[in-house]
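Visitor: Quick note, the sequences are listed as chains A and B, same order.
According to my numbering, the first sequence is numbered sequentially starting from 1.
According to my numbering, the second sequence is numbered sequentially starting from 250.
Hints are supplied without guarantee of correctness; some may be wrong.
To be verified - Calculated lysine-lysine pairs in the BS3-like style (CA-CA distance at most 25 Å, straight line):
1. A:Lys181 with A:Lys157
2. A:Lys123 with A:Lys157
3. B:Lys258 with A:Lys74
4. B:Lys265 with A:Lys74
5. A:Lys78 with B:Lys272
Unchecked claim - According to the in silico footprint, chain B covers these stretches of chain A (three or more CB under 8 Å from chain B):
6. 68-78
7. 81-89
8. 97-105
Since the hints were made in silico from the structure, they are not lab data.
Owing to the predicted nature of the structure, the values given are computational and were not obtained by experimental measurement.
Glycine included, each C-beta is placed from N, C-alpha and C at the ideal position.
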Amino acid sequence: MIEVRNISKRFGETVVLSDISVNFEQGKTNLIIGQSGSGKTVLLKSIVGLHDIDEGEIWFGDTHFNSLAFHERKEIRKEIGMLFQGAALFDSSTVEQNVMFPLDMFTNKSYEEKLDRVNFCLKRVNIENVNALFPAELSGGMKKRVGIARAIALNPKYLFCDEPNSGLDPKTGILIDNLIKEITEEYNITTIVNTHDMNSVIEIGDKVIFIYEGAKLWEGTKEEIMSTKCKELNEFVFATSLAKKLIKY
Amino acid sequence: MKFLEQLGKYFYLLSKVFARPEKIRIYYKQILREIENLGINSFGIVIIVSVFVGAVITIQTNYNIENPLLPSYLVGVTVRDSLLLEFSSTMMALILAGKIGSSISSEIGTMRVTEQIDALEIMGVNSASYLILPKIIAAVFFFPILSLLSMFVGIFGGYLICLIADVVPPSDYIYGIQYVFYPHYVSYAITKVVFYAFIIVTVSSFHGYYASGGALEVGKSSTKAVVHSSILVLLANLVLTKLILS
Ligand SMILES: Nc1ncnc2c1ncn2[C@@H]1O[C@H](COP(=O)(O)OP(=O)(O)OP(=O)(O)O)[C@@H](O)[C@H]1O
Ligand SMILES: [Mg+2]
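Chain B on its own, in the form it takes in the complex (with noise of 0.2 Å):
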C-alpha cells in the first residue's frame, strides 16, 4: 500500500518536471551549472576507478587462464568485453549512484525544508521542473560521457599493469582489446546508461522533494536514495539486458 503511494507521488512529480519549462534561458545557465556539478565533478571517481578495474581484471583473467593451451591475447579480449558489457555501464552507475544521488538527494531535501521550494512556488515558479528537469538533461546527456570515458580509462589501466608488471606482454594485450569487436556492445552500454541516468536522478531527487522535518530527515532521504537507486539500476539491468540482447 505505502509502495504504490509513493509509486504514485514518484510519478505526480515527474508529471511536474515535465511541464511547459518557464523560461528556457534561465533552465539553459541550471543544465550548465548542472553538466559541471553531476558530469565533469565526476571525471575524477570515474578515472580512478576505472584505471584501477581495468588493472585488476587484467591480473585475475590472466591468473586464472594461465594455461598453455590458451592465447595470452584472450586476456586483452576479457577485460574489453567485461568493461564494456557491465563495468562501464552498470558497475559505474552504482558508483555514480553514490556520489551524485546522495549529493542531489540532500540539495534538493535541504531546500525543502529550509523552505526554499517553497519560496520558488510562492514567486510562481514550478519547482520540480525548475530544479529536476535540468540535472534529468546533465545526466542523461553526460553519463554515456562518463561511461566512454570509463572503457577507454579501463582499458588503458589494464595495458598500464602489462607494462608494469609481467602480466601478459603489452603486444598480445594490445592484439587482443581489437581482436573481433563488436561495435554494438558500445551503443548497449550507451543505451543502459542512459536508463540508468535517469533512474538516478529522478529517484534521488525524489527522494529529496519530499523530505520533511529537519537536517536528520535530510540524511536519512539521501540514504534512501543511493539504495534506492541502486537496485533499480540492478533492476533495470536485467531488464535491459534481456530485452537487447534477446
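This is chain A alone, in the form it adopts within the complex (with noise of 0.2 Å):
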C-alpha cells in the first residue's frame, strides 16, 4: 500500500500539486485522471521521488519514504517498477539489455539465470523473438510492452505507469491497460496508473482519483463516476462528442 498525506508542490510561484491525500491499495490498479496539465506526472514522479516535494507525507507501506537520503531509498527503489510516458528504453541497448538492465545492477545471477528472466518477462507482456532489436525498431505499442518488461523485471512490489496507452490506437491501448491489470492482479502489486483515457477507467480503474488544477477533486470505483455529482469530473468524463452523442439518446 501506499499513502500519500498532504503533499504539496511549487515550481517557483506556480502551486502544481496543493494538499493531495490519498490510498492507493494493493492488488487493485489505482487510476489518476485528469486533463493535460493538470499535474498527473508530477504527482507520479513526486511520489516516486524524482520530484522533491514541498509539504507532505509519501508512505510506502510503513516505510516514511520522503524522509529517507537518497542511498536510503535504494531499498524501496529496487521495489518499484515504472513504465514512463514514452517508454524511456535506453537507445543505445538492445531490447534484451534494457529489460536485463535491472537484474545487471541488482542481481547476482548468471548470465543464463538473467536472460530466463528476460525472455520470461517478455514472454509475459507477449512479444517474443525481438531480444536483438533497438528501441528505434519497434513500433509504439511494443516499445510499452519493453517498458512494462523492464519494470516487472525485478518483481516489483509497486508499480508506476504514466499515461500506458497515450499515443496507440484504442484496440492496442486497451490490451496494454488489461496487461497491466492482469500483471497487478497476478502479482498482488500497488499499481498506480495516469491516464485521460475513459476508456482505461472503465476497463481497469478499480479506484480513481480525479486532479483538477493539481487538486484532489473526487474519489471512487468506476462504477461510481458515471454518477458523480462533481461538475469538473462530469465534464471531463463526458468531453469526447462521442460520449455527448451518446447521452443524446
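Hey, can you piece these two chains together into the complex? The hints should help.
Guide: Here you go:
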C-alpha cells in the first residue's frame, strides 16, 4: 500500500500540487485521471521521489519514503517498477539489454539465469524474438510492452505507469491496460496509472482519483464515476463528442 | 547571479558523479564503451588535422625565416616546439571540444528529455555517476594518447611536405626536430591535456544533464557545451602555462 498525506509541490511560484491525500491499495489498479496539465505526471514523479515535495508525507507500507536520503531510498527503489510516458528505453541498448539492466544492477545471477528472466518477462507482455532489436526498431506499442517488461523484471511490489496507452490506437491501448491489470492482480502489486483516457477508466479503474488544477476533487470506483455530482469531473468524463452523442439518445 | 547558480549546480553535479560507485563491473563495461566512443573514434580527426597542420607550419616557418643567416634546420625545431607546446595540447583540445563535447551533451540531453535519466534514477541508479564518470575516466586516460599521437603525426606531416615539395632538405628537418630537445615539453603538454579532458567532459555533461524541454533545447545545450568548454580550455591554458612555466 502507498499512502500519500497532504502533499504539495511548487515549481518556483507556481503551485502544481496542493494538499493531496490518498491511499493506493495493494493488488488493485489505482488510476489518476485529469486533463492535460492538471499535474498527473508531477504527482506520480513526486510519489516515486523524482521530484522533491514541499510539504506532506509519502509512505510505502511502513516506510516514510520522503524522509529518507538518496542512498537510503535504494531498498524501496528496487521494489518500484515504472513505465514512462514515452517508454524511456535506453536507446543505445538492445531490448534484451534494456530488460536485463535492473538485473545486472541489483542481482548477482549468471547470464543464463538473467536471460531466462528476461525472456519470461518479454513473454509475459506478449512479445518474443525481439531480444536483439534496438528501441528505434520497435513500434510504439512494442516499446510500451518492453517498458513494462523492464519494469517487472525485479518482481516489483509497486508499479507506476504514466499514460501507458497514450499515442496508441484504442485497441492496442486496451490491450496494454488489460496487461497492466492482469499483472497487478497476478503478483498482488500496488499499481498506480496516470491516464486521461476514459476507456482505461471503464476497463481497469479499481480505484480512481480525479485531479483538477493540482487538487484532488474526487475519489471513487469506475462504477461511481458515471453518476458523480462533481461538475468538473462530469465535464471531463463526458468531454468527447462520442460521449455527448450517446447522451443525446 | 545566474552564473553563480550555474556554478553551484555544476559542483553539485560533480559531487554526485564522484559518489561511491554502485557496481564496479558495470562501470568497467561502460568505460570500455566510452574509450571507443571518445578515444578510438577520435583517432581519425586527430590524425588528419595534425598531418595538415604539421605540413602548413613547416611551409610557413620556412617562408618566414628565408634568411641565409638562419640555418634551415630551425624549421624542424619550430615545427616540433609549436606542436609540443600548443598545438597537440590546446588546439587539439579545442577540436575535440567540438567533436566530443557536442556528442556528450546531446547524448545525455536526449536521455534527459526522453526520461531515460528518470528511468535510471527510479531503479536506484546514481545516474550522474553512471553516465558521466566512465566518460571522465575514458577521456582523462585517452586524451594524453591522442595528444602524443598528434605530436608524432604532426611532425611526420612536416617531414612529408619536405619530401614532396621543395621546402627544406628532409635531412635538415630531421636534424632540426632532434636539436636541443626538452622532454619536459611533453610532460607539460600531457598535464594540460588531462585538465582539458576533465573540463570538456564535465562541462558538456553538465549542459546535457540539465537540459529540459525537447529536441530544440538539446541542440541549444550542445552548442553551449562546445562554446563553454572551448572558452574554459583557453582560460585553463593561460593559468596552467603561467603556473607550470614560471
Ligand atoms: N519541471 C517543471 N518545472 C516547472 N513546471 C513544471 C515542471 N513539470 C511540470 N510543470 C508544470 O506542472 C503542471 C502539470 O504538469 P504535468 O506534466 O504533471 O501534467 P499532466 O497532468 O501529466 O499532463 P499530460 O496529461 O499532458 O501529461 C504543468 O502546468 C506544467 O507546466
Ligand atoms: Mg503527463
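Visitor: Identify every previously stated hint that the structure contradicts and give their numbers, smallest first.
Guide: none
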